[in-house]
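J.: Based on these hints, arrange chains B and C on the given structure of chain A.
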Amino acid sequence: MSTVEKGQVMTANRLRDGDAVFLTRAGIWSEKIDDAALVQEPQATAALEARAADAVITNHITGQYLIDAERIDGKIRAALTRERIRTLGPSVRTDLGKQATGTAGAFAAVEG
Amino acid sequence: MYRYDEFDHQFVSERTAQFRDQANRRMSGELTEDEFRPLRLMNGLYLQLHAYMLRVAIPYGTLSGKQMRQLAYIADKYDRGYGHFTTRQNIQYNWIKLEETADILQALADVEMHAIQTSGNCIRNVTTDHWAGAAADELLDPRPIGELIRQWSSLHPEFSFLPRKFKFAITGAPHDRAAVKVHDIGLRAHKNDKGETGWEVMVGGGQGRTPMIAVTVREFLPEKEVIPYMEAIMRVYNLFGRRDNKYKARIKILMHELGAEKFKAEVEAEYARHPVQTTEVEQRELTRIEKYFAQPSFEKMSRFAPHFENAKRENVDFTRWAKNNLATHQVDGYTIVNISLKPEGGIPGDASGEQMRVMATLAERYSFDEMRVSHAQNIVLPHVKLEDTFAIWQVLKANDLAAANYGLIGDIIACPGLDYCALATARSIPIAQAISRKFADVKKQEEYGPVKLNISGCINACGHHHVGHIGILGLDKKGEEFYQITLGGSSSENASIGTILGPGFAAHEVPDAIETILNTYVKLREPGEEFLGAYRRLGPKPFKEALYATA
Amino acid sequence: MPLLKNNQFVNDEWTRVADADALPEGAKIIVNSARLIQDWDLLAKYTGLLGVSIANNERAEILTPYLSQLSLIVLNFPAYTDGRAYSQAKDLRLDGYRGELRAEGNLLLDQFQFMHQVGFDSFAVNERFALQQWQAASKQMSLAYQRGLFRISGEREVWSQRHQGFAPWEEQPHAG
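Residue numbers (the numbering used here), protein chains in the order written: chain A, 1 to 112; chain B, 1 to 551; chain C, 1 to 176.
So here's chain A without its partners, still in its complex pose (with noise of 0.2 Å):
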């Protein structure tokens, strides 16, 4: 049986060349959604937004905002299909971006 935990995620671009980006446990921006803390607690949230606003004032990362998403037997998968696709590239180049350089997330933008 698999189990889900439903949750949300930190993600922005990195400010250089505008990568999405999602905020890992470790405070590190990873490339890949797979990698990203998923939090339910206010506080947790709350830290993971003062770890961001760091990021912000570093000049690491830009527009960074929380998203929903779930965890399903390990793999995170985001709510929107936008967030998804930004998971992902294009839907419609699936040769290009995460989906072509190994740093995809696990789940289509659209399912069907």
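None of these hints come from the bench; they were simulated from the model. C-beta: ideal position from N, C-alpha, C; glycine also. Possibly wrong hints are sitting among the right ones.
[Said to hold, decoys possible] In silico DSSO-like cross-links for lysine-lysine, where the CA-CA straight-line distance does not exceed 27 Å:
#	chain 1	residue 1	chain 2	residue 2
1	A	LYS98	B	LYS97
2	B	LYS477	A	LYS6
3	A	LYS32	B	LYS523
4	B	LYS477	A	LYS75
[To be verified] If you anchor each label on the Cβ, the simulated ranges turn out as follows:
#	chain 1	residue 1	chain 2	residue 2	range
5	A	THR58	B	ASP400	40 to 50 Å
6	A	TYR65	B	HIS9	34 to 44 Å
7	A	THR45	C	ARG128	28 to 38 Å
T.: Just chains B and C now, kept in the frame of chain A:
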């Protein structure tokens, strides 16, 4: 074509240096993102879903082989080997890095190009008829006044922080191919009773969430008054345009809220308040610019082109392409070649670096080194000998550029949508691809005749869905993409805004819905009646009935 | 808040007088537009120098009858993205106002040259930027396509340069 002189070169190179400094200040943290955003936008740099996106200006859609080659070079070196031609006659790159942007701007400056004011709340790239200087019905070439406006609007100190973006479109022909009535300002050349040439000034058209058709504020503006009169309109807008709500900030809303008469009175009062000292310099500058747009040295030729006729007899595919993709030129023996960037199942408006180089070579060899980008996201070779078209077609065919669907249902306008764009609510491209596959057979497309199908991935309407004969708007309903269909829009001289037919469709239902609409038209049309004409005669009712009867 | 004039920091000699306050004798005072219009009979005889501040949603024309007796007009940029005061400034200069025209509010380096070009000649700036940053920002571009600009940094007007025999359009404002 316009060529930079020392001033233009210096202007663009200083501007590039300025942006390099701004980008460095951003990366060092001296500028915050909030402060940097309007600066990067004024240089065409957006932050999108996967990376930065850079929109490069192609003023009035005209470019040379050398410029196209440089666009290909940028695609290959700084992007992922392709670019996307847009509905504003520009090109945008989807995989740009902030740290490389200044280098790209320098590469553009090297070929007399830039990305100035391709975004931001300022005067955007001026667009015109993509057949300017070539179309048989043209009264005058709209590009010289377009270049004058480009220069005047570049880093205009008074009009760089407007309430919202501001778009000009200009046509020099009675048949409007530049969609001037759905722009903030549209200019149309015509002659008065005395035979003098002047401009009809239309204000307050636009698409977005509140589509409107422009209102004529001056029937006939003498050419020498264009710049001062535009200043008066811009000043009224800058002072009184709404800034409290970005969705109500375009000039069309000011026009709507004041009422056309009050708006005109404000402009005329502003214009009268500060009479210009002289416009002689502007006129001399226009004359200087006009020289660059002198007709190329066409050969005197017969209208009959034997090689062309032979090729048509021998090759059915070529015949079909020639019938759909060539347009009548001003000069006997010449034609306008429309290269469709809409291959079956392709991404509308996308071209690879290699394809760009192929088109550049064709332009250099066969079209006086000139190309145009059309607002329908195609490329035009404006001045081609009929006798050369078969050779051109063979090259196009070998490079997946010979789609024979120009002006037909397969010639779809689509914005990048949710596959790339941070503002989008749904994907556009997969819808365009599915429709183009559904109607892959060009013979079938020809049976439907001229149909403009336009797709936008959000209410901002970059894909011009409001003015498509058939418009599709992608929306989000509780996390699901769905698509609203409108009928009866047009961006021509008889412009109209499309009417929403009814409830939206899931993505997989859209191609069938389009087929139902087209078949309804075929069933009800009168002999020779095109889709738009039939819709205007019939109204939405029969289409609604056909579409929702089985649903 | 430093005042920037002629690319130098200077002392601000002007005093803002609130609506209800009495006028100090022989000073340099700034009143708002409502008071200027309402108390004009009194203010016309004022012994010092008179300045006025207008909001950016007021029409500059309301000052037309008073321009010759004003020594300072203050325009406001509540946000650097709100460009209304550029047109107010241009309007006032086209109306012939040649006194000091001051920008205040959210002023940033990258708009500094634009402000000069429409006729501002003093700037109430914040302390964030050093003087040499403002000085550099005042001459980022050495050219302008538009005519009729104020060209403090000696920008060349492209169109006038191209067509010899045409002097640039307008006199430079005198400072203060």
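J.: State for each hint whether it applies.
T.: Evaluated hints:
no., hint, in the structure
1, A/LYS98 / B/LYS97, "15 Å, holds"
2, B/LYS477 / A/LYS6, "21 Å, holds"
3, A/LYS32 / B/LYS523, "53 Å, violated"
4, B/LYS477 / A/LYS75, "26 Å, holds"
5, A/THR58 / B/ASP400: 40 to 50 Å, "46 Å, holds"
6, A/TYR65 / B/HIS9: 34 to 44 Å, "42 Å, holds"
7, A/THR45 / C/ARG128: 28 to 38 Å, "32 Å, holds"
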